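**Student:** Under my numbering, think of the first position of the sequence shown as 12, with each following residue one higher.
Since the hints were made in silico from the structure, they are not lab data. Since this is a predicted model, take the numbers as computed values, not measurements. Glycine included, each C-beta is placed from N, C-alpha and C at the ideal position. Check each hint, because a few of them may be wrong.
What the hints assert, rightly or not - Label-pair ranges, simulated between beta-carbon atoms: (1) A277 to Q52: 13 to 23 Å; (2) R296 to P53: 39 to 49 Å; (3) P184 to Q50: 33 to 43 Å; (4) E117 to A277: 21 to 31 Å; (5) H179 to D208: 13 to 23 Å; (6) A277 to A195: 25 to 35 Å; (7) G84 to S131: 19 to 29 Å.
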Amino acid sequence: LVLCKREKMRSALFGSVKSYVVLFLLGAWVASAPPATAQPQPLTGWFTFIVADYPSEAGLTSETTYFLTEDSGERYELLIDVKLIRPLGGPVALNRQRVTVVGEWEQSEPDGPAPFRVSSIELAAAPSSALPGASPDEPAPLASPLRTAVTGSQAWVTILCRFADATHITPHPVSHYEKLMGMAYPGLGHYWNEVSDGNISDLAGSRVVGWHNLPQPRSYYLSINERGIEDFRLDRAVEDCTAVADATVFFPDFDGINLVFNHSDADRAWSRGGSRRLTLDGQPRFWGVTWIHPSHAEDNYHGIVAHEMGHAFGLMHSSGPYGRDDPISRSGLKNLSDKVEWG
């Protein structure tokens, strides 16, 4: 009887040891196994781009950032090779179009969501705009590079915003910016009518509002990027500037929004222009938006605003130095307001 009990105890002991050995080896295999490869996933939303420009005596330095905005309003930066966009007509043709992209998430950014690296892109039908008789899942027609051409009157609201830690600084009175947007030479209404051969008839209906005080200091809206250039935190700037002006502006009345800021000590900075899908006064839609850096307010300001408005109209940079009549050319930014005097 005693021997029988001893045999049972020995069997149970060895069984337990075997179990632990199996679990140990299994755990070691799991720990050494390669991590699972991230599976590509699709995202559907609205494609837009924003161009950043840093003008200097050496010429124009720029970079283009692509975005996808979901119907929910969530917005993600797209890391995409322009070669993937060219078969669909390029960035100008895809601007403000609904697309489906497939790719993987990159590492998260300190100031926002992780960018999305795109491996493929295709046009997608907008649920509310499918053609009669067409399936809601049917892709939209191939976009034309001329689709984003703008014609007629283009009303812009220019919002003058002061950072919370610089409310005592007012670079110019409202009348200065009203003259900038006017039809009389050298106003931008006159300019865009001339360079578009009358396709943009004027900037009738445009308004200038401000100066409005922002709720946060400059450091909340601007940061130094990895290239040592001061850059906007785009969403923070547009959300707070439109919010402080909301009581006096009905945004659906306007085609574009100029955001003008009052102060910075930075020697090197981006100004930006492009399209943004926003919900303002209850209406989700596209607006052309410019972010005009304070350091550009005194140096060729006339040319900077015209140049960024060109991006907001949906234009990319021209391929060559076509001169003062091309605000999107490499030389046009500098030449646009040479010898222009106004006060």
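**Student:** Next, verify each hint and record whether it holds.
**Tutor:** Against the structure, the hints come out as follows:
1. Checked against the given bound of 13 to 23 Å, the beta carbons of A277 and Q52, roughly 38 Å apart, lie outside it.
2. Between R296 and P53, the C-beta spacing of about 24 Å breaks the proposed range 39 to 49 Å.
3. Between P184 and Q50 the Cβ separation comes to about 57 Å, which falls outside the hinted range of 33 to 43 Å.
4. The hinted window of 21 to 31 Å between E117 and A277 holds, with their beta carbons roughly 27 Å apart.
5. Here the CB-CB span from H179 to D208 is close to 44 Å, at odds with the stated 13 to 23 Å.
6. A277 and A195 have their C-beta atoms about 33 Å apart, which keeps the hinted 25 to 35 Å range intact.
7. Between G84 and S131 the beta carbon distance is about 24 Å. The supplied range of 19 to 29 Å therefore holds.
In terms of the numbered hints stated before, the structure departs from hints 1, 2, 3, 5, listed from lowest to highest.
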